[in-house]
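Enquirer: Chains as they are written, first to last, in this note's numbering: chain A, 1 to 324; chain B, 1 to 324; chain C, 1 to 324; chain D, 1 to 324.
I should point out that these hints are in silico values taken from the structure, not numbers from a laboratory.
Fair warning: there could be bad hints in the mix.
As the list makes no split between identical chains, a pair holds if one copy fits it or if it spans any two.
[As the list claims (entries may be wrong)] Below are the DSSO-like pairs computed for lysine-lysine, each with C-alpha atoms no more than 30 Å apart in a straight line:
id: 1; residue 1: K242; residue 2: K82
id: 2; residue 1: K8; residue 2: K95
id: 3; residue 1: K89; residue 2: K310
id: 4; residue 1: K310; residue 2: K296
id: 5; residue 1: K5; residue 2: K112
id: 6; residue 1: K7; residue 2: K310
id: 7; residue 1: K112; residue 2: K249
id: 8; residue 1: K308; residue 2: K296
id: 9; residue 1: K88; residue 2: K242
id: 10; residue 1: K309; residue 2: K296
id: 11; residue 1: K95; residue 2: K112
id: 12; residue 1: K241; residue 2: K82
id: 13; residue 1: K84; residue 2: K242
id: 14; residue 1: K112; residue 2: K298
id: 15; residue 1: K242; residue 2: K311
id: 16; residue 1: K313; residue 2: K112
id: 17; residue 1: K311; residue 2: K298
id: 18; residue 1: K82; residue 2: K249
id: 19; residue 1: K313; residue 2: K296
id: 20; residue 1: K242; residue 2: K112
id: 21; residue 1: K313; residue 2: K88
There are 4 protein chains.
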Amino acid sequence: MNIQKMKKIAVFTSGGDAPGMNAHIRAVVRTCLARGIEPIGIYGGYEGMINGNFLSLNRNFTVNMISQGGTVLKTSRCEEFKTKSGRKKAYENLKKFEIDGVIACGGDGTFKGAHALYEEFNVNIVATPGTIDNDLYGTYYTIGFDTAINTATEAIDRIRDTADSHGRIFIIEVMGRHAGHIAMDVGISTGAEFIAVPEVETDVEELYRRIQNMREHTRTIIIIGEGGVFLGANELSLELKKRYNLETKYTVLGHIQRGGTPSVKDRVLASHLGMGAVDGLINGKTDVMVGRIYDKIKYTPLVEAWRKKKKIKEYMFELSELLA
Amino acid sequence: MNIQKMKKIAVFTSGGDAPGMNAHIRAVVRTCLARGIEPIGIYGGYEGMINGNFLSLNRNFTVNMISQGGTVLKTSRCEEFKTKSGRKKAYENLKKFEIDGVIACGGDGTFKGAHALYEEFNVNIVATPGTIDNDLYGTYYTIGFDTAINTATEAIDRIRDTADSHGRIFIIEVMGRHAGHIAMDVGISTGAEFIAVPEVETDVEELYRRIQNMREHTRTIIIIGEGGVFLGANELSLELKKRYNLETKYTVLGHIQRGGTPSVKDRVLASHLGMGAVDGLINGKTDVMVGRIYDKIKYTPLVEAWRKKKKIKEYMFELSELLA
Amino acid sequence: MNIQKMKKIAVFTSGGDAPGMNAHIRAVVRTCLARGIEPIGIYGGYEGMINGNFLSLNRNFTVNMISQGGTVLKTSRCEEFKTKSGRKKAYENLKKFEIDGVIACGGDGTFKGAHALYEEFNVNIVATPGTIDNDLYGTYYTIGFDTAINTATEAIDRIRDTADSHGRIFIIEVMGRHAGHIAMDVGISTGAEFIAVPEVETDVEELYRRIQNMREHTRTIIIIGEGGVFLGANELSLELKKRYNLETKYTVLGHIQRGGTPSVKDRVLASHLGMGAVDGLINGKTDVMVGRIYDKIKYTPLVEAWRKKKKIKEYMFELSELLA
Amino acid sequence: MNIQKMKKIAVFTSGGDAPGMNAHIRAVVRTCLARGIEPIGIYGGYEGMINGNFLSLNRNFTVNMISQGGTVLKTSRCEEFKTKSGRKKAYENLKKFEIDGVIACGGDGTFKGAHALYEEFNVNIVATPGTIDNDLYGTYYTIGFDTAINTATEAIDRIRDTADSHGRIFIIEVMGRHAGHIAMDVGISTGAEFIAVPEVETDVEELYRRIQNMREHTRTIIIIGEGGVFLGANELSLELKKRYNLETKYTVLGHIQRGGTPSVKDRVLASHLGMGAVDGLINGKTDVMVGRIYDKIKYTPLVEAWRKKKKIKEYMFELSELLA
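Can you make the complete structure from the sequences, with help from the hints?
Expert: Right, dumping it as structure tokens:
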């Protein structure tokens, strides 16, 4: 591939959808147009790349997209792309449609695929962090995270009405795969009495003590991120019953955390990274993720982006202890 | 008890909380004050009645209450009240605090308790329909129903973003105990491809056919009310897998449907029924539920309110077929 | 025109947009398809009818439309249509595109145009009430009203945070043209201390007395519907300053009341009226508005729909006095 | 005053209210309790300080406060405090109630008062940035800003439905006093065609050209921050009419931008700064604002906080050009 002069840049979304993906696609399209590049959309992620679902995009396509949840380019989890022959087909289509550079928006699965395209076929590819989990290294936030924590908080504010009215103990499971970013932010913002994150082994005895201390306050909210020692809210609820004969209600927030109109932060971040991705390709970047750390655009090697661990800030643990 | 002149009216909430309960309490308090009656709050439902948690309420108590979810008087599910001796204690407290009339806000469990108080101790008692399920006879809507269906719809609009992005089939379980009112309204308002209500046996074959026909449209939303043949979304998902090897995602909306700030409809209805309850007691009504049907306040014998079945309107079934 | 067998039905939206218009269009399209009729969309209201912007619609067109605010068929206020020659052009297009029946969604201006088409050219036309103002006779609610009052209430709940924090008097103007339906519902649901509707002359002295009585409660909310004696919040604020030297803040909610995703009520009503409009045309109805009163579809002569006055329910005035 | 050992810390809110102030008060109270300090609330800002409205706070006071808009400690704009004798009274009360340190949450007016208390009476005082305008130096964000931009964006998303439906040009005025932070973030997140901020002189000719170019896209959204060359949306609308005979609609978002439940960002920031303020006082800080920049707590001299100008990031201007 030739980056001397980018003529066509293709963009696609892959893996779990995240609010802000459409704002991101819009920014890629408009930046391309402003730079004299033809923007191409690949429909259905890697599957669409294999099947040749390529479409030229224009400004009209992007009208009002900034506020829409989900992704208009659709997404998929594609088994065929995990095979060498699948990736070969995908590459053949990139060549056939004369794509000079590719922007891949998604999470770590997406990044592994992008890295393979670079390794095997020398594709010019820049990935962008589109996942609500915020579990990628090289960016302060991922696209979708801010919306997801606000959606979860709003839902838990509702549950708190019920918890208050009944004086109940509620265990609420939020998303996050193997990272506690969502749980930690949501736990602090809902004033949870206990926050269980995968990064730290849950001390059930301490949790029980905390609940006992709190009982005067008529209700208790416990936030648990999926993927820790206790795989979910259900397991923790059973454990508390078994060990201490404690009655708790549990609820799994589930898929509502993914959708909805993106927050301002997500729209602006998604726009900024869209500009950063196009300009990265123009400047010869490849095999990298474009992220933003403290207002600065950063390009991080793809392998680092999914391998290195982004830590939860120390002060978040401190706040969760102090204010619970 | 003496209704010649009501001097003190007590109000409490019981069973599952519902949005609008606070608007209702506010209306009871303010109507009492306007009628020269002292309003008394009983904290914690029947449990509070047994324990003597009675408190005099005033106008200041009700400031800004109209928009709050849950119930500031708290609620409970009380085992002791199911015994004769428990109810005796409760009655003794009503006497001790010189309560002339009682307003009980809740669902069918609450109503059974209220009816027993009337039967056994001749308590002047008017019940008000406070439940999101809308499953009580004698009122067009129950307090909380309109908020719950809007909350559920908003949540499903979010899930649809994900369903669209992935082209997935989603089975979403909403509340409703043994009535399909929530499922039906939410199903139509989210444009669901299939709505399964407890009132009608779910025809899985028909459901499968419907899904097959819809596949061109990239995603399918199925709304299921709890309490039908398939007890929930999980069971239906497993059945579709077993019978047709069909992959579906399921999600249970759960407790988020209960909380939150009440909708305008719920605030106005709760206010209207508050006035109707106080004025009913003043006019000698007892052992009844106050409801509203087509803008008219109606008093229905408590036994009918929970025994008779409120049907889903025929046109709702028609719409669900026609527009799916 | 021939109603023996409707082959093509055209639908359009006109005047101010209202949430639920898209749900309505969706229902018209799907009902047409179910009845074997080709649905045609006219873009841009009467202007589009004059310019021949007709497009055949299909099921795909309606996917996910149920939750969208505004109207995808666009709308306009068209001066040319107010002339005979303009209407002639419009009619010629209806003939040219072989339209057998027309569904016109909008408010009283739209209805007058529809009535003229019937009077002058014998067009088979059924109008549907699409306006947030709820000021049309022959239907309990208009499409958009329920969403508008919820949007306004949510906005005022926010303002109340500020009013409370400062102990201020806020005069808030809501929409409604010359009808107080929005003001009344919003006033009760926000617990306003005073509600001024165009239907009743505002008693400024009484208002002042009310404010004085309320001062202990730290803040006062006054809701005013546009179009009364005081044309708006600004005028009332000035009057209170002039007469009593009373400082008040005023705010005009404005266009935010029109947009947004429709509420469940509006989606279901819009769907129901869509079915009712198509089936009305099939059954030979013309020059009527299709409305719903107490769950029953009603066809009201167009002239009555805009001339007769829909009154605010008595109990709403009673509640506004009692609970303020 | 003696900081050897803080025994009592007083907290108050002043000036315009902002979402997150309650989360902040909660954090101050709980941090005090964890550090063995008695937290005191001053009601009604500087006015309350003058009048001696001091109240001891406890943990129960803070239950569920984290999600509430406005400020439970009330706020005011106090003329008397601008006089030396007023401040003397305030100081006497601080002495009388044995306050060792004070936390003042508000904007620049609040800061000036706090600085005067330090200068004249050597009060140990730390200010915290509580204002939606984000116009204070020494902190990346102020408490309330993130909520305000999300509220404004949500409102404008609604207006866009109407703008789209009619193909209209809308000029929307957002808050911000003399800083364009709100306008810039909101403008980018709503995909505005033009953003007018006080920091840059509005080029009306360029604006007109931009509008002309956009007309193909059926609607135009222009965001204007108050306090620029054109003092508001109304003036700009008139100017466009005068110069180019261009019809536009304008709307002023107004007070809805202040209220509502705070966003996650605002809750977490408010909590963090609450901890930072208490710990600052304990460590001898005074006459400073506590802010957060890039995850680090920073103490900035009060005079700098309101005198130095916080600039809008360069990339925001770039994005607003590129993506409009």
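Enquirer: When the hints from earlier in the document are held up against this structure, which numbers fail?
Expert: Those not satisfied are hints 3, 6, 9, 13, 15, 20 and 21.
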